[in-house]
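Work out the full structure, taking the sequences as your base and the hints as a guide.
These protein sequence lines map, in sequence, to chains A and B.
The first sequence maps to residues 28 to 558 in this note's numbering.
The second sequence maps to residues 842 to 1035 in this note's numbering.
I should point out that these hints are in silico values taken from the structure, not numbers from a laboratory.
One or more hints might be untrue.
Unchecked claim - Straight-line distance between alpha carbons at most 30 Å, and here's what the computed DSBU-like set of lysine-lysine pairs gives:
id : chain 1 : residue 1 : chain 2 : residue 2
1  : A       : K43       : B       : K1003
2  : B       : K1003     : B       : K910
3  : A       : K48       : B       : K910
4  : B       : K848      : B       : K870
5  : A       : K43       : B       : K848
6  : A       : K50       : B       : K1020
Claimed, not checked - Simulated DEER-style distance windows between Cβ atoms:
id : chain 1 : residue 1 : chain 2 : residue 2 : range
7  : B       : W927      : A       : K547      : 13 to 21 Å
8  : A       : I526      : B       : K1003     : 50 to 58 Å
9  : A       : Y116      : B       : S1004     : 27 to 35 Å
10 : A       : P527      : B       : K1003     : 51 to 59 Å
11 : B       : W927      : A       : I549      : 17 to 25 Å
12 : B       : K929      : A       : I549      : 16 to 24 Å
Glycine included, C-beta positions come from ideal geometry on N, C-alpha and C.
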Amino acid sequence: MFKRHVFNQLSAYLDKQLSEKKKEKVEQHLQECTECSQELARLKMVSDKLRDIEVPDLYEEFDSSVRDAILRQELEGGRVEMKKKPLAYLVPAGAIVGVLVLLVVGVNIQTILKRSFQGSVRTYEHLEQSKLDNGLLSESGGYGWKVKGEPFFAGDFQGNFLNNYSTKGIALAGKPLGTLGFNESQTAMDSYVDRTVMHMGGATRTREKDMRNKETEYTYAASSPTMALGIDSASNGMFGYDDWRREESKTLSVASVSTDVLDEVARERIDKVHQVRDTAKKLASVHAESQSGSLIVIQPVMPATGEGEMIIRTGHVGLEVEDGNQTYQKASEICKELGGYISNSSFSKDREGREIGTITMRIPQDRFDTALEELGKLGKLEGMNTSSRDVGQEYANLKAQLDAKKVIYDKMLEALNKRRVTIPEAIRIESQLTPVARGIENLKNQIEYLQNQVSFTTITLNFREPKVSPKALKETKRIIKETALATAINTVKIVAAAIPAIVIIGFWVVAIIVLIVAVKYIIIRLFKREE
Amino acid sequence: MQHLTDKQVMLEYQRGEAVAMDELLRRFKNPVYHFAYRLSYNAAEAQEITQEVFLRLHEHRANYSPTGKFSTWIFTIAHNVFVSRWRKNRRLVLWPRKSSTSDEPIEVADPDPIPNEAAQQNEMSQIIRRCVQTLPFPQKEALLLREFGQMDYDEIATILNKSLGTVKTLIHRARINLKKKLLPYIKELGGYNV
Chain A
28 MFKRHVFNQL
38 SAYLDKQLSE
48 KKKEKVEQHL
58 QECTECSQEL
68 ARLKMVSDKL
78 RDIEVPDLYE
88 EFDSSVRDAI
98 LRQELEGGRV
108 EMKKKPLAYL
118 VPAGAIVGVL
128 VLLVVGVNIQ
138 TILKRSFQGS
148 VRTYEHLEQS
158 KLDNGLLSES
168 GGYGWKVKGE
178 PFFAGDFQGN
188 FLNNYSTKGI
198 ALAGKPLGTL
208 GFNESQTAMD
218 SYVDRTVMHM
228 GGATRTREKD
238 MRNKETEYTY
248 AASSPTMALG
258 IDSASNGMFG
268 YDDWRREESK
278 TLSVASVSTD
288 VLDEVARERI
298 DKVHQVRDTA
308 KKLASVHAES
318 QSGSLIVIQP
328 VMPATGEGEM
338 IIRTGHVGLE
348 VEDGNQTYQK
358 ASEICKELGG
368 YISNSSFSKD
378 REGREIGTIT
388 MRIPQDRFDT
398 ALEELGKLGK
408 LEGMNTSSRD
418 VGQEYANLKA
428 QLDAKKVIYD
438 KMLEALNKRR
448 VTIPEAIRIE
458 SQLTPVARGI
468 ENLKNQIEYL
478 QNQVSFTTIT
488 LNFREPKVSP
498 KALKETKRII
508 KETALATAIN
518 TVKIVAAAIP
528 AIVIIGFWVV
538 AIIVLIVAVK
548 YIIIRLFKRE
558 E
Chain B
842 MQHLTDKQVM
852 LEYQRGEAVA
862 MDELLRRFKN
872 PVYHFAYRLS
882 YNAAEAQEIT
892 QEVFLRLHEH
902 RANYSPTGKF
912 STWIFTIAHN
922 VFVSRWRKNR
932 RLVLWPRKSS
942 TSDEPIEVAD
952 PDPIPNEAAQ
962 QNEMSQIIRR
972 CVQTLPFPQK
982 EALLLREFGQ
992 MDYDEIATIL
1002 NKSLGTVKTL
1012 IHRARINLKK
1022 KLLPYIKELG
1032 GYNV
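This is the structure:
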């Protein structure tokens, strides 16, 4: 008869831990089932073997050591209760906090980051904008720059600072750092069809026609400190950039503002010249009227200077100076004080950054010597020479010729008016009259030129900075300083930009570590429970 | 004091009779020590554990109430000491490389072809020791309490803080496991190695 094996009960049976009823059942089964009997025998064998293991004896002083330990414990006032491992609380708590922070901050941090990035972008845009506002953008990729509130500097990417004339700039690693510029008008006019250039006491006025036959008038200061400012704007137009051709008003507004005052001075001076000329004209006409009918050669009228002598004087001064710009300004001041004006000037820098300048000024005749003396004081005098040319005879001749021609002219005119002339006759007279009139105008011009040359002497001042210019050194230092500053600022900017990234990475790393530890802890817990 | 029962001695000690500790030591130091030794197979650790058990007994003497057997109480202390030490010393192991309940035969050096009696005896004891050590801790503890403490299942259940059924299963499984592990080494069990 088949009966269920009792393997599961055998161990308890062996240990006599079964109830009477179960024990009987097992015993009954064991009598019938050899398999279960064998299993029981084996289990018994295992138990027996287990008892074979020897245990080393406790050491003899064990009792006393326990008593000592108890005594020690009593004396110490009881042991501190064993605390639960702080990790047991910290890990799950940390995990929960971590997840919460993750949820709350994790969402917000994106916004924070976004905001900070927006900030930097805005700054950049602003910079870009200001560049456009101040800069003189041209076909060649011009650049405008404003440094510490000073007038903006201009240049292009190649480091050719806006023109080939007298504006020079400094470029470092393709980036313009600044430029100083002075410009004389004539050189800039070349690309125009027609032009007039007038010098009026420190201010230069130009009238010009461009290729489309459009006439524009410019006035800008040559000797005023606003020159540098004016140049940027003026040069933008002068050098014929497309940009300007479309918007001329842009150029004009800046230039005209800076020269209003100078215009005033120039106008006064021109008025005086006109007065003299008018007087001469009157005198000539009086003579002509009183001596009508005869050819009278009128004695030349004395020149407007009233000095009695017609001598053209020119002077040349060569100087070595510390600061070219300063010299330029000082020379301008001297010129103004003495009632003169600057007719021409150029100012440039050589490869080493030394400034070289030439100023041509017109000084009233009586102050020629004073001017030379004053200018010589501006720096280390390297050379000075003066020359003079007596044009008294020339002047007298011209005057005589003029008067003679005038008489002829008047006579011819009279004849044309008084007599009854036939048409062919009238045509003949007219045709003869025209060359005479032209001759008169020509003579007048020559006389005016001489008068001008005599009454205003010409002094050319050449100056240059010494080979090792303290200013050049200073400039170099400034550039290095600015570059270092820019680098430092950029570094700080980069670091500042990286901080949010570092923060977010750090945050995630910490969060992940917390999670790993928590998971580890939980797994260990599970393992332990299974055991 | 020798005529008193375990409970009475403990109550004496509870009242402040210092001599009672001597009696308790005399009666229980060896059972506790043997139990600890068989669990750890480390004499030094077993002695430390035994000392710790008696220290805790002193410490918690006021908490003793003579409801169950005294031996149950003292072995409960021993169990707790063991568990707390085990918790303290265990390492954080995420994924144990080998399951501790592996059925693979334990690697033992090849026995001498003609072993003398003592050597053979020693060899056997080594094998058994290793086999016992590979048992899961709760199984080992339950089995040892049964085999060496001669305790009833319900006593063991109290000590281990487990149900009677669990204890029964633990002991049974421990024996089966041990049998399987010892099988290759013991002639009487049909082994062939020895």
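#### Entry: Violated constraints from the hint list, given by number and in increasing order
none
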